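Chain by chain, the residues:
Number of protein chains: 2
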Amino acid sequence: MSGKYTIVMVGAGNVATHLTYALIKAGHRIVAVFSASEKSAGMLAEKTGTSGTTNLDTLPVKADFFIIAVRDNALEQVISNLGERNGMVVHTTGSVGMEVFKGKFKSYGVLYPFQTFRKEQEMEMGQVPFLIESNSEKGLLKVRKLAESISSNVIDFNSEQRRYLHLTAAFACNFTNYLVSVAESILKEHHIDRSLLLPLVEETFRKIRVGPAKDMQTGPAIRGDTSTMKKHLDLLENYTDWQKLYSYMSELIQKNDKL
Amino acid sequence: MSGKYTIVMVGAGNVATHLTYALIKAGHRIVAVFSASEKSAGMLAEKTGTSGTTNLDTLPVKADFFIIAVRDNALEQVISNLGERNGMVVHTTGSVGMEVFKGKFKSYGVLYPFQTFRKEQEMEMGQVPFLIESNSEKGLLKVRKLAESISSNVIDFNSEQRRYLHLTAAFACNFTNYLVSVAESILKEHHIDRSLLLPLVEETFRKIRVGPAKDMQTGPAIRGDTSTMKKHLDLLENYTDWQKLYSYMSELIQKNDKL
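Protein sequences, first through last, are from chains A and B. Quick note on numbering: the first sequence equals residues 1 to 259 in the working numbering. Quick note on numbering: the second sequence equals residues 1 to 259 in the working numbering.
To be clear, the hints were calculated from the coordinates, so they are not data collected in a lab.
Repeated chains share a single entry, so a pair holds when one copy, or any two copies, can fit it.
Heads up, simulated BS3-like pairs for lysine-lysine below, C-alpha to C-alpha not over 27 Å straight-line:
1. LYS4 / LYS145
2. LYS231 / LYS244
3. LYS255 / LYS230
4. LYS244 / LYS230
Bear in mind the structure is a predicted one, so any value in this text is a computation, not a measurement.
Build out the structure end to end from the sequences listed, making use of the hints.
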């Protein structure tokens, strides 16, 4: 066996797209692409030199891997409709346990890349942590081989831990990004260039490399500087949502400090 | 004039420490250091080869600059007690207007480095935005000269805009850092290595260089994926504070998306 696999990609969104690129680069062969959206299926298929379909029934019955990379809330439906397949079926989702496959396929597992993906953004996959799981030793070896062909950071992980890890991404990625967007909105309204924020944001996240975020906390809340917090809340007078968010987060930072 | 200044540093905290190092590196001379804490005053003074004091009255009356880099809530008191000084007095604070100096000194201004500092963390000052202001044209030139000797990113900024910029640092730095600490706490409790978060956090903030954070939002909230949000909230069952924070931030992300 050459270690190169034939792969059916079920999904054509952010994760599916970046996985597809990385898999092709590693020498595997994408033999078909499914997406509920004709446009997405067609676009990704075109880039892989294969066929795209919006019909699960027309997918090949046999391949080394069927990788299901669809939205979390579409996953169970796709699994139900996929029918019998001869090959290993994996999903790429943090929030869904491996047991979702139980009794439906013979060989299955999870291939969860712990990263934030957007189609439009290039992504170097080599350092992305891939968290893998399978229903058999043999299956685990096979998923590991696939994952290691695209990343040097492949880790065995059970479904329970994976769920918590997925949750933390909401805090460390989605919510942090939202907070930066709040900062940018305030700056925009006061005609201040958003580029001023960049050195601050970069330093904030450079520090995370150095040690736990808890030890890196700065700002008025951790200092208990109520006069500055009061000033900030006054400036947020016309942004009641963000005023509430500011109060609550400051309260939590002060509470956290006492833990 | 050589462009090298004599400087009295009033304060010995995070900002004062990093400013002092940068100023010495640029060839200026720190002639005295004040801190309310004897230990801090002594430590910083020792590093500058000068004298430290906890008594404002014993500071030199004459210097090119008196830089007040104390906690925001101690600033007004220090200004009141500083007495007459022959030289330019500046503070380094984002949240306090320049008018705090009015009628107290002849020549004054603001030298606000927009960055997060911790004594323990090394800091390359050359890219830090320095936002400057003064009560006179001549004063502005002098502050600019000082600022440009340590950073290539010096910008004239009025007190009003500076207040909003300072506010945004709470969102883009203090609160983002807190969110990462929440993620780390959850991981720790489930025996998952925090280093798994690093590629995700780095990618999140690399994207900020590419375009506005609003356009980079990913995750269940922006997708309207209520089933995943529900799962996350269930996992947070024993963390009611963070559960509340999760709900509120998800709500805001969805609201923001509609703007």
